[in-house]
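Chains as they are written, first to last, in our numbering: chain W, 1 to 908; chain B, 1 to 154.
It cannot be assumed that every hint is accurate.
Not everything, but these chain B residues come out facing chain W in the computed CB check (under 10 Å) [unchecked claim]:
| no. | residue |
| --- | --- |
| 1 | Cys32 |
| 2 | Glu35 |
| 3 | Tyr44 |
| 4 | Leu47 |
| 5 | Thr48 |
| 6 | Lys49 |
| 7 | Ser50 |
| 8 | Ser51 |
| 9 | Lys57 |
| 10 | Met61 |
| 11 | Leu64 |
| 12 | Pro66 |
| 13 | Arg143 |
| 14 | Val144 |
| 15 | Leu145 |
Distance condition first, Cα-Cα at most 25 Å in a straight line; then the derived BS3-like pairs of lysine-lysine [claimed, not checked]:
| no. | chain 1 | residue 1 | chain 2 | residue 2 |
| --- | --- | --- | --- | --- |
| 16 | W | Lys187 | B | Lys46 |
| 17 | W | Lys427 | B | Lys46 |
| 18 | W | Lys12 | W | Lys56 |
| 19 | W | Lys211 | W | Lys644 |
| 20 | W | Lys318 | W | Lys3 |
| 21 | W | Lys307 | W | Lys291 |
| 22 | W | Lys3 | W | Lys56 |
| 23 | B | Lys8 | W | Lys427 |
| 24 | W | Lys307 | W | Lys247 |
Distance ranges between label pairs, derived from CB positions [claimed, not checked]:
| no. | chain 1 | residue 1 | chain 2 | residue 2 | range |
| --- | --- | --- | --- | --- | --- |
| 25 | B | Asn129 | W | Lys427 | 33 to 41 Å |
| 26 | W | Ile219 | B | Asn95 | 52 to 60 Å |
| 27 | W | Asp821 | B | Leu113 | 36 to 44 Å |
| 28 | B | Asn95 | W | Gly833 | 54 to 62 Å |
| 29 | W | Ser856 | B | Pro29 | 41 to 49 Å |
Just so you know, these hints were derived from the structure itself, not from any lab.
Note that CB positions come from ideal geometry on N, CA and C, so glycine has one too.
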Amino acid sequence: MSKLVNLTIDDKKISAPEGANLLQVAKDNGMAIPHLCYHKKLSPTGACRLCIVKIKGQRGLLASCAVQVSEGMEVTAFDDELEEARKYLLDYLLCEHDESYDGSHPDEFRELIFRYGLDKKENRLFPSIWKELGYPKDESSPVLSYDAAKCIKCFRCIKACDEVQGKNVLSFTNRGIISYIVGGFDKWGESECDGCGECIQLCPTGAIVEKPHRSEIKIENGICRVRTTCPYCGVGCQLELMVRNGKIVRSNGVEGVSPNDGRLCVKGRFGYDYVQHPDRLTTPLIKKDGKFVEASWDEALDLVARKFTEIKETYGRKALAGYASAKTTNEDNYLFMKLVRTVFGNNNVDYCTRLCHASTVTAMLRSLGDGAGSNSIEDYAHSDCMLVTGNNMIETHPVTATYVKYAVQRHGSKIIIIDPRWTPLVKDAHIWLQPRLGTDVALLNGMIRVIISEGLIKKDFIEKRVDGGMKAFESLKALAEKYTPEYVEEVTGVAAPLMEEAARIYAGAERPLIATGMGCSQQVTGTHNVFCLINMMLITGQIGRPGAGLNPPRGQNNVQGVSDVGASPFTYPGYISVEDAENRRRVAGIWGLPFGELDGEKGLSTVEIMQAAYEREIRGMYIMGENPMLTDPNLNHTEEAIKKLEFLVVQDIFHTETTPFADVILPATAFAESEGTYVNSDRRVLRVRKAVDPPGQARQDWEIIAEIAKRMGKPLGNYQHESDIWDEIAQTAPIFAGISYDRLEYHGIQWPCPAKGHPGTATLFEERFNTPNGLGKLHPVEYAGQSEKADKDYPFILNTGRILYQYHSSTMSRRNKSLTDFANEAYVLMHPGDALKYGFSDGQKVHIASRRGEISNIRVQISDGVLQGELFMPFHYSEAPVNRLTRDELDPYSKIAPFKLSAVRVGR
Amino acid sequence: MSIEEIIKQFEPVQHNLLNILHALQDRHPQNCLTEQALDETARYLKLTKSSVYGVAKYYTMFSLEPRGRYIIRLCVSPVCELLKANQIMAVLEKNLGIRAGETTSDGLFTLELSECLGQCQEAPSMMVNNEVYNGLGEEEVQRVLVRMRRRKKK
Ligand code: SF4
Ligand code: SF4
Ligand code: FES
Ligand code: FES
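The shape of chain B in the complex, shown without the other chains:
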């Protein structure tokens, strides 16, 4: 689907801005919003460029940089922090060979930090795209990553 086709699925009303941005980002192979996408959105909704840009930059779930197919968001808010989220972080960094904010060279994973995911009772937690993983330990993390890599091969 072209950017235009994606945008046109929505009514041209300004409160659809977030929905449109989500749809555009989800459909982008690198999980991000391009300038062209923002530009066409602005024109479609009769907004100025900066008001679309401001929204895209405000919400951490949007990215203007190309990202991996799987976005791993590790919670670093207090409860998870307390339950050693930093160890999970180390596992992820080691396994993926990248640091927070970076993308693996095969374009598969992007590692990000996140505010509280609302899963405190089963902390530490992370999300991979839209799936939530709770009560993480080293093994659990490794397993998830293997599963994702395998999924790609299919």
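With the rest of the complex left out, here is chain W:
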């Protein structure tokens, strides 16, 4: 922290950090100096001049937004002359401004007009001329409108897009009085704008306003605001929902709190309409003679309880299993897990993490003792080297990416990308390594070899913090020996000098962060890939400080939390092994159960559960908020497995690809109808709050779960409110021990938080790793070729992934017009060389087949963003279910499935 200096503003004594922005200091001390172009998040522009002050010893009127405070400064913020000048400036601005106001947006300019009495025409000097200036309106964007007549040319929008979001989509056209803001070639809708809405949020006048629901919004009346957490990805952005007449009409980022400081992406800002979509499930449904008929809750719950009980009695307690949900709250998932363990009586509970990050978590747990991101999201803003591997951050974690771009633009930090496919972050990258699909281990071992042979290791870190010290290192060194730059180039296709430079930059950086992603984890060698990253990180000592570490951004809003609260076949709440009898005894005590009732044998994982269903070992299943019929690998097999179940309960907010197979469908609440908490990618426990009532009879997941348990004769507990469940979570999971709802009122807390007074932990592993002996562990691993290979019949290797505007199985995202307006069609990316070779053209419809299945009617998009011989498809679209093509051959360590690599052929 910089030193404090003393100054006075209008005789008030103030102390502030030296060099702080004078306008901000005044603001923070309750002095409302008028201003329009300044915003805390942006560099000062000095355009509006309203913030003028006088400073003793300096001549003239100075824009306070451009002044840094220093010791002894004497400032006059308000006197007659200054106020007169401000009024004059406002008056002048007003004459070129359309002052009509529809009440649908905040308007700082209008407030000032009133404050200075300029709403009365007789107080004005200048006649209104805006009508003669011919200002245009731009309505071409699907999500926002721009009205140049309401624009005061403060440039906050341009800077919001550039400095905060790192996109620089906006500019201004013409000069002087007739200039205005443009996106693209004066057509916002055809620009690079991706609809994040940062510019809307920072525009002070309502020149840029959201389109959806605009006519329904009257800011000053009948609006209530509810702060909650975004339901989409694992960044966990804090948002404020505006609700009118029981309907969500707008979403804004909450300024000044982590992790997002007001930023959102297009999904967080415009993706809420699914909540109030007519397709929502509103009543329990029971399948009778192949058709779903509406039922009462009692009827449905009794049936579920009876069937599960029958299955348990007939086939034994191992015949039941559950899929928890990364979309619902910790409280919901905790009770779900408790139901499986105490009512079903086994550990067959898992969820989609097995499909995404299980390999990362497995490797991290084995090497470092914790499976979660080691740093804070904001750390990216100050990192000097970011190694981004298999992580299409700009599209999948757009708000995290804003910090990454910030570091590049502000501090000249370097991004190293490892990805077979072009992603938008490549534009900002210093180096892009483009290895062939599935060759990461070879590439990373090659980098490790460079680091070792150039003497870039940190010996004392290895000695102090790595298990086995230099001896363990020697075995890694021996293994890495054969990964010479030439060999690695041959295997991966990455030019040796590039790989070498990347290794040097990473090893030499002061605060390097690794951001892994699905590209790294969703492979048969997923765990090995992450082991290699950890090996490289440990021998260079690049972990255990703020800004240095390994961070797997979580795909869904609560992937992190669901594991944390123990919805896993292997671990209890707080990552304590199922097999740890001591812990089971402790938890049994908390749950008030006899110790013997808790199964001490590991349960089945996501894909194993399906395989067991196929073998008829699992007979009954409870699926909460997951859609395995679109997201599981090798869908044809999944379908057969699900069909073999005797009884399937699906609890969701919409019909999905999975619900047709259910015997009972239970309607649950969406995020905006729920109370509880999520945990985001940087281990931050964040509150989720109810903003609107659920449709029809839909109920919050935990209430449904508790009812089923009760009806099966084993009530889970007496919970009046979600906070009661949380308090029990805090008791069972030591990492949450110090967290309670009252502490989460204004901001999240990062676990571990072992005690009430503990502030939470921003950076993991500063002193020790969380392994039993506190040391990090190296796991040298060899590169092995893939079993799935391209051949004559299946000449392409297909990669899958996500796009910005859609989300997961798109059950939610596709029910938002704003999002589908941006993107709503499946495609397959193909290299121009391949298109030429096989005679495909852009826009042509093709079908794609693998050794397991086939999909058709997919539009070809020709792009040099993929390598020759490789294809890419997004997996969001149910009409193009790419998982009919993928494999369920699992990574032996983490049981993750290799979504990223399937051999396919393409046909007309």
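Put chain B with the ligands on the given structure of chain W with help from the hints.
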């Protein structure tokens, strides 16, 4: 030369933006920048569309509208104004049959107004493409126009 070929004569560094835009406009038969030209420039220099557009709109020497082969820029800044630039304007308008900002139907001339051309000592002044004409009078103007028309025929 195609747009791509013109652009590729320059290094892909952002400070070449103005040079590239000039080259593109000069090579265009209608003396203007097309959307395609801006788009390819943006991609080549890794700029967003609007930052290229903003520059093209900011400088009056660029035009996004098709223009004549000869661009006549008549100075209307104070000194020229004082020395009856408006009379010259009238001559031009009459002879060409267009007003400022327009292009003749044969696509030969575009008439534009300009800020000070830095020729005040010999005002009034105008430019035709890159050539400067000073101390203008009615006859001088007529002569220039005839010369230009003849040049076209050749
Ligand atoms: S919505 Fe986002 S991307 Fe689009 S112009 Fe505004 S800030 Fe830029
Ligand atoms: S649109 Fe809004 S933020 Fe942008 S310059 Fe105009 S008034 Fe300022
Ligand atoms: S706020 Fe300082 S000049 Fe606009
Ligand atoms: S005023 Fe016309 S050339 Fe200077």
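Now the hints, each set against the structure:
Violation of the interface hint for Cys32 of chain B is found here, the shortest Cβ-Cβ separation to chain W being roughly 13 Å, above the 10 Å cut-off. For the restraint placing Glu35 of chain B at the interface with chain W, the shortest Cβ-Cβ distance is roughly 5 Å, inside the 10 Å limit, so the hint holds. Given hint, Tyr44 of chain B at the interface with chain W, is violated; its Cβ is 13 Å from that chain's nearest Cβ, farther than 10 Å. The interface hint given for Leu47 of chain B holds, since its Cβ lies 8 Å from the closest Cβ of chain W, which is under the 10 Å cut-off.
Restraint check, Thr48 of chain B versus chain W: the minimum CB separation of about 5 Å is within 10 Å; hint holds. Given hint, Lys49 of chain B at the interface with chain W, holds; its Cβ is 4 Å from that chain's nearest Cβ, closer than 10 Å. Contact between Ser50 of chain B and chain W, as hinted, is supported at the beta carbon level, the nearest pair being about 4 Å apart and thus within 10 Å. Checking Ser51 of chain B against chain W by beta carbon gives a least distance of about 5 Å; that is within 10 Å, so the hint holds.
The interface hint given for Lys57 of chain B holds, since its Cβ lies 4 Å from the closest Cβ of chain W, which is under the 10 Å cut-off. Interface hint at Met61 of chain B: violated, since its Cβ lies 13 Å from the closest Cβ of chain W, which is beyond the 10 Å cut-off. Annotation: interface hint on Leu64 of chain B holds; nearest CB of chain W at approximately 8 Å, less than 10 Å. Because the closest C-beta pair between Pro66 of chain B and chain W is about 16 Å apart, greater than 10 Å, the hint is violated.
The beta carbon of Arg143 of chain B comes no nearer than 34 Å to any beta carbon in chain W, farther than 10 Å, and the hint placing it at the interface is violated. A least Cβ separation of about 29 Å between Val144 of chain B and chain W goes past the 10 Å threshold, and the interface hint is therefore violated. Hint on Leu145 of chain B is violated. Least Cβ distance to chain W is approximately 30 Å, over the 10 Å limit. Straight-line distance between C-alpha atoms of Lys187 of chain W and Lys46 of chain B comes to about 19 Å, which keeps the hinted pair within the 25 Å bound.
A distance of roughly 8 Å separates the Cα atoms of Lys427 of chain W and Lys46 of chain B; the hinted pair therefore holds under the 25 Å criterion. Under the criterion of a C-alpha separation no larger than 25 Å, the hint pairing Lys12 of chain W with Lys56 of chain W is consistent with the structure, at around 14 Å. At most 25 Å may separate the alpha-carbon atoms for a hinted pair to count; Lys211 of chain W and Lys644 of chain W exceed this at roughly 47 Å. Restraint check for Lys318 of chain W and Lys3 of chain W: not satisfied, since their Cα atoms lie roughly 64 Å apart, outside the 25 Å limit.
This hinted pair checks out: Lys307 of chain W and Lys291 of chain W have alpha carbons roughly 18 Å apart, not beyond 25 Å. With a C-alpha separation of about 22 Å, the suggested pairing of Lys3 of chain W with Lys56 of chain W holds against the 25 Å cut-off. For the hint linking Lys8 of chain B to Lys427 of chain W, the alpha-carbon distance of about 19 Å falls within 25 Å, and the restraint holds. Simply put, Lys307 of chain W and Lys247 of chain W have alpha-carbon atoms about 37 Å apart, too far for the 25 Å limit, and the pair is violated.
A C-beta distance of roughly 37 Å is found between Asn129 of chain B and Lys427 of chain W, which places it inside the suggested range of 33 to 41 Å. Between Ile219 of chain W and Asn95 of chain B, the C-beta spacing of about 58 Å keeps the proposed range 52 to 60 Å intact. Between Asp821 of chain W and Leu113 of chain B the beta carbons are some 42 Å apart, a value that agrees with the proposed interval 36 to 44 Å. For the hinted restraint 54 to 62 Å between Asn95 of chain B and Gly833 of chain W, the CB-CB distance of approximately 57 Å keeps it satisfied.
Taking 41 to 49 Å as the suggested C-beta distance range, the pair Ser856 of chain W and Pro29 of chain B conforms, at roughly 47 Å.
Going down the numbered hints, you'll see the structure goes against 1, 3, 10, 12, 13, 14, 15, 19, 20 and 24, while the others check out.
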